[in-house]
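For the record, the sequence lines run as chains A and B. Under full-length UniProt numbering, residue 214 is the last one in the first sequence; the count climbs by one each step, no gaps. Under full-length UniProt numbering, residue 214 is the last one in the second sequence; the count climbs by one each step, no gaps.
Worth flagging that the hints you see were computed from the coordinates, not collected in a lab. Check the hints yourself; a few may be wrong.
Same chains, same names: a pair is fine if it fits in one copy or spans any two.
Claimed, not checked - DMTMM-like cross-link-like pairs, simulated, lysine to aspartate or glutamate; straight-line CA separation at most 20 angstroms:
#, residue 1, residue 2
1, K166, E7
2, K104, D126
3, K166, D179
4, K166, D97
5, K104, D203
6, K166, D18
As the structure is a computational prediction, the values presented were derived from the model and not from experiment.
There are 2 protein chains.
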Amino acid sequence: MTSSDAELLADRTPLPSDLDSRLREHLTFLIEVDQLKTILRASPLAAADRRENDAEHSWHLALMVMVLAEYADEPIDVGHTIKLVVVHDLVEIYAGDTPIYDTKLGESQQEREEAAADRLFGILPDDSGRQLRALWDEFEARQTPEARFAKAIDRFQPLLLNWMAKGGTWRTPGVTANDVRSRKAAIGEGSAALYDAAMQLIDEGERRGWARTS
Amino acid sequence: MTSSDAELLADRTPLPSDLDSRLREHLTFLIEVDQLKTILRASPLAAADRRENDAEHSWHLALMVMVLAEYADEPIDVGHTIKLVVVHDLVEIYAGDTPIYDTKLGESQQEREEAAADRLFGILPDDSGRQLRALWDEFEARQTPEARFAKAIDRFQPLLLNWMAKGGTWRTPGVTANDVRSRKAAIGEGSAALYDAAMQLIDEGERRGWARTS
Ligand SMILES: [Ca+2]
Chain A
1 MTSSDAELLA DRTPLPSDLD SRLREHLTFL IEVDQLKTIL RASPLAAADR
51 RENDAEHSWH LALMVMVLAE YADEPIDVGH TIKLVVVHDL VEIYAGDTPI
101 YDTKLGESQQ EREEAAADRL FGILPDDSGR QLRALWDEFE ARQTPEARFA
151 KAIDRFQPLL LNWMAKGGTW RTPGVTANDV RSRKAAIGEG SAALYDAAMQ
201 LIDEGERRGW ARTS
Chain B
1 MTSSDAELLA DRTPLPSDLD SRLREHLTFL IEVDQLKTIL RASPLAAADR
51 RENDAEHSWH LALMVMVLAE YADEPIDVGH TIKLVVVHDL VEIYAGDTPI
101 YDTKLGESQQ EREEAAADRL FGILPDDSGR QLRALWDEFE ARQTPEARFA
151 KAIDRFQPLL LNWMAKGGTW RTPGVTANDV RSRKAAIGEG SAALYDAAMQ
201 LIDEGERRGW ARTS
């Protein structure tokens, strides 16, 4: 892989020139990904009056995978599943967050994210870049039990934040409770128990007027 | 374990009463930990003009463990090491962050963090709470290769942020370059290569006047 000519965050304060060149590429990447902490999602935090960023979200998913692994429908390697959620949003550093109810942005999402993956993972030494890219591809393809459970958790987590906000993004103009339900189908591909819980949260939210009955 | 009588974040918007009671305890915990996103560390971000929070820091460590695993001096289970860093700062939700150069706060740190662990992991069903507590205890004790590498990465990560900030917390009043060096000894217990790189960063920082020569 080749890195792009675009400026990297590390170029602002170049690393010492006597660092081992392979380690230097690893550290350049690890500085570049600091930007994930600045990519805002639509979801409001439960603990503070601001939106969540992608780094916080990814950490929350990692802990949720550990705590909720017992609800996975298929046996999963928990450590591997955590790796998937840790890398799953990295491409948004260059591609930005695509809110789940933004169908227009959704159309170009795959193309934008593939280009972002080429550029971002290209910063790393080839073998390291291929390893992370394989994890991101696995998450996106949802063909392994780990990827299905990781995706289920990715779809479940915002439900907790929206519940705590008495609606949150469920109140997006034009979005109905049934739209919310249909966006949560992926939870059922990883965990029947979490899918049932998701429906209980949405049903109760709709009853309370936090999500619109169409 | 028994949960404390103190108010929980989830009490502000109680979960539906018809949720399975075990899952309800898991979700109550997963809402409570949203607070990690509000615990500020001393380190400045590289990508934005604000301090880093514990959730972002924990995510960054998880990715660093994956990318830098090849520099570990002993064979490590990468998935298990990531679990350690994902939980390592959770107790700060109740105990707060203890900046590494604050020796006064440091004296009471262990006691405050043990009490916080009892309270936080006590929210979970007993078996789940014991699992997470065991990971936190393992990280703290540094008796396994995974815990030593996790601690090394925890000490290495702020170096990258301080480097990008041309000093950052190295400029804390009263702190010298040698103080910074001595706080980084734990890196050498997990990775000789990363310890050498840490010293190269600090040496060059001192030469540029970003850390004070005593
Ligand atoms: Ca800490």
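Going down the list of hints, with the structure as the test:
1. K166 / E7: between (41 angstroms within a copy, 18 angstroms between copies)
2. K104 / D126: neither (34 angstroms within a copy, 46 angstroms between copies)
3. K166 / D179: within (17 angstroms within a copy, 48 angstroms between copies)
4. K166 / D97: neither (23 angstroms within a copy, 30 angstroms between copies)
5. K104 / D203: neither (27 angstroms within a copy, 51 angstroms between copies)
6. K166 / D18: between (54 angstroms within a copy, 18 angstroms between copies)
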